[in-house]
Amino acid sequence: MSHLLLLVPFLAVVVLNLLPKRARGAALWVSFGVLGLEAAAAFVERFSSIDSSAFTWLESVFGFRLAADHLSGLAMLCAGIVGMVALLVARRTLKDAGEKFFFANLVLVALVGINGIAMVRDLFSLYVFVEVTAIATFILITASRSGAASRGEQVFEGAWKYIILSVVASVLMLTSIGFFLLSAGDITFDAVKTALGAPGSLTWVAMALFLCGLFVKGGLVPFHGWLADAYTAAPAPVSVFMAGIVTKASGIFALLRIVSSTMGSALPGREILLVVGALTIVVGAFLALGQSNMKRMLAYSSVSQMGYIVLALGGDLNLGILAAGLHFFNHAISKSQLFANAAAIEEQLGTLNMDEMGGIGARMPVTAGTTAVATLSIAGLPPLAGFWSKLLIVLALWNAKEYGFAAVAILASLVTLAYFLSLQRRVFFGKTHPKWAHVKEAAPGLLVPVVALALITIALGVGFPFALRVLLGGGA
Amino acid sequence: MTIEIPQSFWLYFTFFALLLVDGLWCMLATHNLVRILIGLEILMKSVTFFLIVAGYLSGRMALAQALVITVIVIEVVVVVVVAGVILGFFRKHDSLDVENTRSMKG
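Respectively, the protein sequence lines represent chains A and B.
All residue numbers for the first sequence refer to numbering that gives the first Met the number 0, where the first residue is 0 and numbers rise by one.
All residue numbers for the second sequence refer to numbering that gives the first Met the number 0, where the first residue is 0 and numbers rise by one.
Bear in mind the hints are in silico, worked out from the structure with no lab data behind them.
Please note: incorrect hints may appear among the correct ones.
Simulated restraints, written as ranges between beta carbons of each label pair [stated by the list, open to error]:
#  : chain 1 : residue 1 : chain 2 : residue 2 : range
1  : A       : Ser-291   : B       : Phe-89    : 41 to 47 Å
2  : B       : Val-33    : A       : Lys-94    : 47 to 53 Å
3  : A       : Thr-350   : B       : Phe-89    : 38 to 44 Å
4  : B       : Ile-71    : A       : Asn-317   : 36 to 42 Å
5  : A       : Thr-350   : B       : Asn-31    : 30 to 36 Å
6  : A       : Gly-97    : B       : Leu-86    : 44 to 50 Å
7  : A       : Ala-39    : B       : Ile-71    : 35 to 41 Å
8  : A       : Pro-221   : B       : Ala-16    : 21 to 27 Å
9  : A       : Leu-410   : B       : Gly-58    : 38 to 44 Å
10 : A       : Pro-382   : B       : Ile-71    : 50 to 56 Å
11 : B       : Leu-95    : A       : Ala-96    : 31 to 37 Å
12 : B       : Phe-89    : A       : Thr-431   : 56 to 62 Å
For glycine and all other residues, C-beta sits at the position ideal for the given N, C-alpha and C.
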């Protein structure tokens with residue numbers, strides 16, 4: 000069953016490319032269908048964990064073991080939802096039919112990588128799938144000519160920075176794998192866990208190197224330099240996809256996976272996570288405060304929120320993983336929605352410079368309303384979904400007696416609120432600038448996904464006690 | 000399971016470290032995008048070498064072989080993409096200077 004999740008998107012890419020040129024318009028919808036299946040599969044894996052023996056022959060074809068658990072289900076659900084939103088945004092914002100076709104294909108390739116990251120059980124396969132996702136994303140950033148004129152200059156620059164740092168991350172991870180081979184004799188998660196249980200200096204060097212590699216991939220401070228440039232340079236649907244799932248899956252989810260399946264509690268690795276997490280939250284939040292490009296502000300906000308997830312992993316182990324997983328989901332939903340909103344604004348106004356905007360709210364009420372929901376959720380206002388995951392993160396830190404870091408998490412929430420309120424004020428509130436007097440609300444094709452995501456945020460927030468029971472009942 | 004690290008490891012390790020530093024130096028000391036690509040390649044080669052050494056010393060040659068072949072395949076794909084991006088830069092600016100990669104700040 001698990002291997003099908005790799006095979007189906009892959010076969011879909013092959014089939015799409017065999018289609019005659021005339022039929023290529025269907026690519027977006029085929030891709031959409033595969034992502035829908037993906038989101039549905041997350042629930043199948045979650046509730047019954049079918050690993051039927053009918054598929055054992057598949058396992059013998061692939062040389063590595065896969066196993067789906069609750070965490071994989073989470074990543075798959077996020078990938079499915081975010082991917083569908085990105086495709087809907089692509090349908091509206093990419094002008095050229097060829098570009099749409101490439102986008103649909105590359106999303107499917109990235110999906111293979113993300114599914115792999117979600118289910119692997121050894122370090123090297125993890126590296127391979129992280130790389131598959133990254134390569135699909137490099138091409139996604141550069142392959143489009145749509146969007147603002149100034150962006151054409153920047154796509155290569157954004158992609159270049161991402162690629163160079165990615166290769167450095169690969170070097171770190173591969174060196175770490177070499178060290179693990181030497182110290183543990185094997186690179187499966189189980190072997191690594193055993194090796195970490197009897198700490199030797201070599202093992203810890205190896206672990207630190209691997210974590211550094213993932214910090215680069217996830218854009219955590221002090222390795223955050225590439226992220227804002229890549230997000231800003233990328234075309235609108237690619238930003239949605241990258242911010243929503245790519246960076247998260249290849250950096251943060253891989254980290255989540257490694258912490259949950261190789262590190263026990265009370266290991267020195269926790270201190271690294273706590274310090275990097277707190278640093279990322281604070282630096283990211285203050286960098287976001289100073290931005291005037293909307294996508295750039297959202298990108299730095301992403302950096303800051305990734306810090307929360309890493310901080311949670313440094314807290315109480317079980318609660319921390321639950322909190323991190325929930326924040327992962329909430330942030331994937333809200334941030335992809337915000338990037339979709341930014342795409343709508345760019346589509347209608349032709350700019351993302353917030354200093355030029357003002358009073359757009361009266362002209363684009365739906366965009367303004369959904370943006371408010373997402374920003375308030377990320378800032379952690381009850382009763383929206385983001386409040387609960389932040390509460391759990393603080394609790395996880397409190398349980399681990401990390402009171403200082405819990406305080407950082409709470410105080411940085413205020414900075415988050417500050418930059419998002421500044422965004423709201425500069426973009427939506429106030430008197431409408433005469434320049435924007437004739438701006439209209441975005442097309443329904445762009446509004447449907449953002450409204451759906453905002454509803455998910457509200458529903459998860461209000462129905463959180465129930466959702467938590469389902470999660471805990473499932474044994475998370 | 001722990002593996003005794005033989006003395007020869009440090010010999011290999013020194014070579015790996017030298018190659019690594021060489022690659023990094025090659026990337027940092029130049030303003031030419033193609034040279035940066037070459038530096039990246041040297042970096043990847045050093046790591047590939049290290050994986051082979053690790054496999055050899057831990058007695059997992061078969062595993063190391065599989066890893067190294069996969070790494071080489073990934074590397075080739077990355078090189079193609081990087082070369083494509085460099086070509087894009089060249090077509091746009093008619094130069095290979097890294098200064099062209101510094102328009103975005105903040």
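CB-CB spacing for Phe-89(B) and Ser-291(A) relative to the 41 to 47 Å hint: Hint violated: Cβ distance 31 Å, outside 41 to 47 Å.
C-beta pair Phe-89(B), Thr-431(A): status relative to the range 56 to 62 Å that was hinted: For Thr-431(A) against Phe-89(B), whose Cβ atoms are near 44 Å apart, the range 56 to 62 Å is violated.
Pro-382(A) paired with Ile-71(B), Cβ distance criterion 50 to 56 Å: holds (52 Å)
Val-33(B) versus Lys-94(A) beta-carbon gap, inside 47 to 53 Å or not: Roughly 33 Å apart at Cβ, these two residues miss the hinted range, so it is violated.
Supplied distance hint 38 to 44 Å, evaluated on CB atoms of Leu-410(A) and Gly-58(B): Between Leu-410(A) and Gly-58(B), where Cβ atoms are some 52 Å apart, the hint is violated.
Hint check for Phe-89(B) and Thr-350(A) - Cβ pair distance inside 38 to 44 Å: violated (29 Å)
Hint check for Ala-16(B) and Pro-221(A) - Cβ pair distance inside 21 to 27 Å: Holds - the Cβ-Cβ distance for Pro-221(A) and Ala-16(B), about 23 Å, lies within 21 to 27 Å.
Supplied distance hint 36 to 42 Å, evaluated on CB atoms of Ile-71(B) and Asn-317(A): At 40 Å between Cβs, range holds.
Beta-carbon spacing of Gly-97(A) to Leu-86(B) - inside the hinted bounds 44 to 50 Å or not: violated (19 Å)
Distance restraint evaluation - Ala-39(A), Ile-71(B), Cβ atoms, bounds 35 to 41 Å: holds (37 Å)
C-beta pair Thr-350(A), Asn-31(B): status relative to the range 30 to 36 Å that was hinted: Distance hint for Thr-350(A), Asn-31(B) holds at roughly 35 Å.
Cβ distance range 31 to 37 Å for Leu-95(B) and Ala-96(A), holds or violated: Since Leu-95(B) and Ala-96(A) have Cβ atoms about 33 Å apart, the given range 31 to 37 Å holds.
In summary, the structure is inconsistent with hints 1, 2, 3, 6, 9 and 12 from the numbered list given earlier, while agreeing with the others.
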